Every structure is written in structure tokens, then in C-alpha cells.
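A.B. asks: So the chains spell out like this:
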Amino acid sequence: MFYREAGDFSTSYPEDSQTFPIRFDRYRYYLVLFVAIFVIPFTINDYWVNSIFLPFLIYAIAAIGLNILVGYCGQVSLGTGGFMAVGAYACYKLMTAFPEVSMLIHVLIAGLITAGVGVMFGLPSLRIKGFYLAVATLAAQFFLVWLFNRVPWFYNYSASGQISAPERTVFGIEVTGPNTEAWASYLFCLAFVIFSAVIARNLTRGAFGRKWMAIRDMDIAAEIIGVNPLRAKLSAFAVSSFFIGISGALFFAVYLGAVEVGEAFGITKSFTVLFMIIIGGLGSIFGSFAGAAFLVVLPVVLKLVGVDWLGWPTDIVAHLQLVIVGALIVIFLIAEPHGLAQLWRVAKEKLRLWPFPH
Amino acid sequence: MKMKLGTMAVAAVMAASPVMADLVFPSLSYRTGPYAAGGIPFADGYADYMNLLNARDGGIGGVMTNVLECETGYNTEKGVECYESTKGQGALVYQPLSTGITYQLIPKATADGIPIHSMGYGRTSAANGDVFSNVFNYPANYWNGASGAINYLMSQGDIAGKKIALVYHNSAYGKEPIRTLEELAKKHGFELTLLPVDHPGQEQKSQWLQIRREKPDNVIMYGWGVMNQVAVQEAANIRYPMEDFIGIWWSGSENDVLPAGDAADGYKALTFHGVGDDFPVFADIQKYVVDAGNAAGAGDQVGTVLYNRGLYAAMLAAEAAKTAQEIHGTGDITPAMMRDGMEALEITEAKMTALGLPGFGPEFSVSCENHGGPGLIGMTQWDASAKTWSLINEFAPSDMDVIQPLIDEDSAAYAAENNIASSCK
Numbered sequence: 002m003f004y005r006e007a008g009d010f011s012t013s014y015p016e017d018s019q020t021f022p023i024r025f026d027r028y029r030y031y032l033v034l035f036v037a038i039f040v041i042p043f044t045i046n047d048y049w050v051n052s053i054f055l056p057f058l059i060y061a062i063a064a065i066g067l068n069i070l071v072g073y074c075g076q077v078s079l080g081t082g083g084f085m086a087v088g089a090y091a092c093y094k095l096m097t098a099f100p101e102v103s104m105l106i107h108v109l110i111a112g113l114i115t116a117g118v119g120v121m122f123g124l125p126s127l128r129i130k131g132f133y134l135a136v137a138t139l140a141a142q143f144f145l146v147w148l149f150n151r152v153p154w155f156y157n158y159s160a161s162g163q164i165s166a167p168e169r170t171v172f173g174i175e176v177t178g179p180n181t182e183a184w185a186s187y188l189f190c191l192a193f194v195i196f197s198a199v200i201a202r203n204l205t206r207g208a209f210g211r212k213w214m215a216i217r218d219m220d221i222a223a224e225i226i227g228v229n230p231l232r233a234k235l236s237a238f239a240v241s242s243f244f245i246g247i248s249g250a251l252f253f254a255v256y257l258g259a260v261e262v263g264e265a266f267g268i269t270k271s272f273t274v275l276f277m278i279i280i281g282g283l284g285s286i287f288g289s290f291a292g293a294a295f296l297v298v299l300p301v302v303l304k305l306v307g308v309d310w311l312g313w314p315t316d317i318v319a320h321l322q323l324v325i326v327g328a329l330i331v332i333f334l335i336a337e338p339h340g341l342a343q344l345w346r347v348a349k350e351k352l353r354l355w356p357f358p359h
Numbered sequence: 047m048k049m050k051l052g053t054m055a056v057a058a059v060m061a062a063s064p065v066m067a068d069l070v071f072p073s074l075s076y077r078t079g080p081y082a083a084g085g086i087p088f089a090d091g092y093a094d095y096m097n098l099l100n101a102r103d104g105g106i107g108g109v110m111t112n113v114l115e116c117e118t119g120y121n122t123e124k125g126v127e128c129y130e131s132t133k134g135q136g137a138l139v140y141q142p143l144s145t146g147i148t149y150q151l152i153p154k155a156t157a158d159g160i161p162i163h164s165m166g167y168g169r170t171s172a173a174n175g176d177v178f179s180n181v182f183n184y185p186a187n188y189w190n191g192a193s194g195a196i197n198y199l200m201s202q203g204d205i206a207g208k209k210i211a212l213v214y215h216n217s218a219y220g221k222e223p224i225r226t227l228e229e230l231a232k233k234h235g236f237e238l239t240l241l242p243v244d245h246p247g248q249e250q251k252s253q254w255l256q257i258r259r260e261k262p263d264n265v266i267m268y269g270w271g272v273m274n275q276v277a278v279q280e281a282a283n284i285r286y287p288m289e290d291f292i293g294i295w296w297s298g299s300e301n302d303v304l305p306a307g308d309a310a311d312g313y314k315a316l317t318f319h320g321v322g323d324d325f326p327v328f329a330d331i332q333k334y335v336v337d338a339g340n341a342a343g344a345g346d347q348v349g350t351v352l353y354n355r356g357l358y359a360a361m362l363a364a365e366a367a368k369t370a371q372e373i374h375g376t377g378d379i380t381p382a383m384m385r386d387g388m389e390a391l392e393i394t395e396a397k398m399t400a401l402g403l404p405g406f407g408p409e410f411s412v413s414c415e416n417h418g419g420p421g422l423i424g425m426t427q428w429d430a431s432a433k434t435w436s437l438i439n440e441f442a443p444s445d446m447d448v449i450q451p452l453i454d455e456d457s458a459a460y461a462a463e464n465n466i467a468s469s470c471k
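Those sequence lines, one after another, are chains A and B. The first sequence: position 354 = 355 (our numbering), numbered continuously. The second sequence: position 94 = 140 (our numbering), numbered continuously.
If you're looking for bench data, these hints aren't it; they were derived computationally from the structure. Just so you know, not all the hints are guaranteed correct.
Which stretches of chain B does chain A cover? Using the computed rule of at least three CB atoms under 8 Å from a CB of chain A, they are [to be verified]:
id, region
1, 69-79
2, 258-267
3, 321-335
4, 456-464
From the derived model, a few chain A residues whose C-beta atoms are all more than 10 Å from chain B [unchecked claim]:
id, residue
5, Tyr256
6, Leu257
7, Lys304
All of these numbers come straight from a predicted model, not from anything done at the bench. Glycine included, each C-beta is placed from N, C-alpha and C at the ideal position.
Start from the sequences, fold in the hints, and give me the full structure.
C.D. replies: The structure is reproduced here in C-alpha cells:
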């Protein structure tokens, strides 16, 4: 009924291989984009942006990045927090060194620097895999956090070791600093999200993505059919770190404004992003969004219901939140290991036939 | 069932809505996580004092107070969410009780025109009100604390040539005193060793091994949360003399010394307010708040060090609100008026006695240039057999000759970085 393919003909190869081959799906995608770009910026306030949209958008980029590495290429990484820190500190150094340059450029260069660091820490993946690789990336996490805490050059020798984002602009509009308008920071992050998602989607269904998936499914077989594991693995690390670096830069500069590396980019950050892609669905761009939305919105909703609505004590709600999120992760792993993305796929199949499934 | 839920929701909203017209004091508390042991008593003290004002005096200047509690878990991301969700409800002053969250809120709250009171924490150079128009850290800050500790040691004997170790939480908070201590080391000729401890601070074996090897004459600690008790326990394990071990005020509560038992006897901590529950106000709290069943949290923290600090913070906020009401001649003050009240705040002995807190803290007054107060530091010592802290050194001034240039330098750098014009004409 909803997903009717009758009368939906593809007459050329590009049409046949587009991301949303079903017309209804395509229109829904355009509608989402339209609302995100032209409706939300006019209706949101500080609370909505800072509590829900910015964390959602920024975590979505990080989740897309990690999903490329873990979900598509099968290389388990626990270094996400450390790589986000690289993006944040690179962005900070660039912002303070070249104040007149547009933030767009700073964030992109921060992503490129992180990609370089990611490739370096990706080298061990050529020799080790699975749990051993996870431990190696864990070492990256701790090393990077230690480095940014230890070397004062990274935080411009400030007394407290905090980095704080000064006011910087894009096309003359402020996007960082305390006087930023809600819509400006939202649109700035949204632009990066769309850019990341489109690139990631097209990479993963092209030659690169096929190589990554071949490595994921069986690396020896992939090597025999001619996939170069060095290039495939390192390119996955580079692309993944590029997105994670962008999200780290936005996380620091646009969302928080001031960070302390141990607190903001600690090991918990790595696990949060990993949970997002596990709940959302490994190897799915939509899953990255769903997982990020789930883990960002759920605590806010629980808080609204528990504290503001039912008037429960704040500590009980905070504890309940841990219990509920933990339980949901376990339930998801048991009941639907492929995450929210799989639920969506199943729902789509059902809707295609609805209301006459036979 | 649906109807019931709906009516319940309506009832909840109705019950919550008349509160909106009150004086709103958000409390960004943390009753969960590794720092909860410190967050709970502070939040309880803050809420209980505001409750007391409502029950005994009918609020402040005839307007009821309302404490909006929001759980941050000492986490900056949740701190942002708490700030955004409470600021729209007329929040008068923020007390985040976290240096990280304070750093983050300084530019935001200044842009929104809401004052921040980071009492004994936060960014030390915010004492310069000329640059930080909306941030207050009276009556004492980290650098006063560092200097107070050194002054105390000097009063006990010559410290030239001695070795002093700083064990600190490896974060913005713990790093704050380093510059001051380095300057003081130059001035007085002692040797400073830095020993960082990473969050959350449960692992300190290597730091204390180093202390055992180098045998510093004194150890100063800037710790918070679970780090404190671990440090006191480790010091006891290597038999470091507790009399030579001094904690900042955030490392000097019952939670920090009780786990080590008798071994913690003699441990010292700095303070900027009174300890114990030997003040008339506690009888009122018992009568109007605890006995009425309105005590915040479990109600078992009354009279502990951090409870007293929360109470002191609430008292200073209430007095500032009173001052603001007098200046502007209205009961319903706005955050901007609250800021004026904080800047004109004057705490005298007579005022404190009238509030039932005689001699609880130093006398001081705030001005546009000086948001930091006088920085008078006292010293307390733990008695493990009686399980009490006692004040062993009266509130004494710290070395402003060293601190003031550092404040001026750091705030000038901030002003230049953010293009802030002088706010005091």
C-alpha cells in the first residue's frame, strides 16, 4: 500500500541504482530534508538546539564514522573518544592560529588531521584483528587523552588545561561562541551531517564499500579475489577517522564551547558511540542516525517524564536511566542483533504488502 | 486508563505551574556517579536552607523560593542540558558545583545575563569583576586556598628548602593552583613536586609510591569525590604523617576521612566557613524542615562539612536576593537585578548573627572590581575518635601580592581573547 512499486519504472542505470529506488521512499527523504532545512531552523529555540538537535546531529556523524570502520569493514575500534579529541584539539589550534579563516575550513581540516592520526593507529589492524585490535585501539584512546592532557602546547598553555572556543564565523555569521543564534549552529551542524551521510552512503555502495565488506566477511577470501587489505583497511580507518574528527571538532566548538579532554573524550565516549551503532544497526547509515537519536533523546525523555512530569527525585531518575539504557542494550542484542535499522527494514517489507499480505 | 494518565498529567502540570512566579534557584546537583559523595550533602544543604526560608520567613522579602534541582552527574553534557532547561524558568543564579561546567557556563550565562556563583571553585580569575561581569567566586578561591595552605605551613616553621608535593585531580580544577604554588615556591624557596591523579582517582598507587620515596615534608591535595578517600587511605598505608597532609576545602569532608578510620586522625583541610552544627540555625532547620518531613535527600547530612557549604551558598544567595530586592524596590527580581544584588552584597557579623550563623564565615563585601571577596582561609583538623572536624586556625588573609597579579594577567588574557570591554566605569 505505502511502498507500492507498481508503475515505478527505472529506464536508465542511474535511476536503477539510486539510493531510494522506490518513489514513496524518495519523496519521504525529500520531505525530511525539507523539514530539516526549511522548517526546523525557524521554529527552534536554545533548549531544543542545545539539548536535542546538536548532540543528535554531532553523534550521528560520529556514529556514521564508526559504522564505516566497525559495521562495514569489520575492524572493532574503541578509540572513538580519542579520535574525537584529535578533531577537537586540531580545530582549537586552527581556530586560535587563524582566526579570520571560515569555520567550515577549520572543521574540514580538523577532519583531515584526524584521518591521518587514524591511519597511523590503523596500521596494527594489518597484523591483528578482533579482540586484539580492540585492545590496540583502546591504547590509542588512552594515549591520545594522555597526550592532550600532558602537552601544554595543545591547550595553548592555559592555566587550567581547558580549551574554549572563541567566536568564529562562517560567511559572516557566528557559529561558535556564546552569542551564536540557535538556527546558525543547527544549520552549520546539519550541513556537515548531510555532507557526511551522502559521502558515506556513496562510498559504502561503491567499489570502496564492496572492498570493505569483503574484508569484513572474510579477509583471506577477499585477498584471494584481489582486494588489497592494506589499502582497504587503511582507507576505512582514514574515512572513519575523518568523520569522527569532524564530529569531535563540532562537539567542542559548536556544542560544548569548552572541554576538558579527560572528561569530554574519555573511554565512556567511545562506548557511547559504539552502543549507538550496535543499537542502531551495524553496517547501515540509517542505523547510525537511529542509534544516535535513540541514545540522545531517550535520557531527555526519561528526565522529562520522571522529574518534570511525575516529580520523582532526580537521583532516582538518573539511576533508572542507567538501568533502562543498559536493559535495552541487552534486549536489543538478544532480540534484534541487527538493531533499529533491521526493525525498519522489516517494517518496510510489511508495509509494502499491507493491507493484503497474501 | 488513558483518561487517568491524562488527568494525572494535567494535575501534575497544575501542581507545578503556580511555582513559576517564585524566586527560582536552580541547583545543578549530582547525586549519582563518582562524585556523588560530595554532591549529595551540598545539594541537601542548599535545598534545606531555601526550604527553611519558605517555612520560617515566608520566602525572601515575602516571595517564596523554589529550588529547581537538575542532575548533572558532574558531566558537562548533562550540565548544558540542565542549564538550557532551567534558564527559561527564571533562574536567578547558577551554582554548578563543578569547575568544568562553570568554565562552560561562563560565556553562555554572561551572554544570557544570568549570574554564576562559583563559591570556592570555578575559574579563579573570575574574581576580576571588571572582566567577568556575571561571575562571582566570593568569599575565597583556589589560589587563596593554595596561599592559605602555604601561610599556615609558614606559621608552623620555616619552609625554605622544604619539599612540598601537590597531589591533584588531573583536570581544570586540580590544575588551577599550580601557577600560584610555583610563584610561592619561588618567593619562599620551597621545592614543589606535582603529582597528577587521573579521573576518577581510584588508582593512586604510583603517586603515593613516589611520595614514599621522596618523603616530602608536606603534601597538599586538590581532590574531589572518590579520589579523596583513596588518597587518605593510601597516605595511611605508607604511614605518611597525617598532620603534614593538607587538603583543599573540597578534600575535607567526613566522607573523605571516615573510610580510613583511626588512621586518618590529624588530617587537615582548609576551609572558608564554619564547621559543625553548633549554630542556632540548625535548631530552626530541625524544627521547620527536618521535623516537618521536608528535608532534601535522605536528611542524614545535616551538619556535615559539605552540607554546611551548601547551606552557606544558599545563605549568600538569599542575602544577595534580599540586597537586590532592596536596591530595585521589588520582590520579584530578575536575573539582572540578582546580579546587582550580588555585586552589592555585604556580609557583616551582625547579619550572620541575625541569621543564626554567628562567626560562620568571614565578614566581606563585594564590589564591581572585586568579585572574589577577601580570600580569608581557615584550617580544620579531623579528630577520628570524636569523628568531628574542628577549626584549628582562624580565618587568615592569603598572599594577595602573589595572587592579584596572576588574577589580572589571566583575566586580561581572557578579555583580549574574547574582546570584552571593561564593565566597571
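A.B. asks: Quick one: work out the minimum CB distance from leucine 257 (chain A) to chain B and report holds if it exceeds 10 Å, violated otherwise.
C.D. replies: Incorrect as stated: the minimum Cβ-Cβ distance to chain B is 6 Å, not above 10 Å.
A.B. asks: In terms of beta carbon proximity below 8 Å, does the region 321-335 of chain B have 3 or more residues touching chain A?
C.D. replies: violated (count 0)
A.B. asks: Examine the region 258-267 of chain B for residues whose CB is less than 8 Å from any CB of chain A, and state whether their number is three or more.
C.D. replies: violated (count 0)
A.B. asks: Beyond 10 Å from every chain B Cβ: check whether that's true for tyrosine 256 (chain A).
C.D. replies: 8 Å, violated
A.B. asks: Say whether it holds or is violated: lysine 304 (chain A) keeps its Cβ farther than 10 Å from all Cβ of chain B.
C.D. replies: 8 Å, violated
A.B. asks: Please count how many residues of the region 456-464 of chain B have a CB within 8 Å of a CB from chain A and say whether that reaches 3.
C.D. replies: n = 3 at 8 Å, threshold three: holds.
A.B. asks: Quick one: see if chain A covers the region 69-79 of chain B, three-plus residues with Cβ-Cβ under 8 Å.
C.D. replies: holds (count 3)
Against the hints set out earlier in the document, violations occur for numbers 2, 3, 5, 6 and 7.
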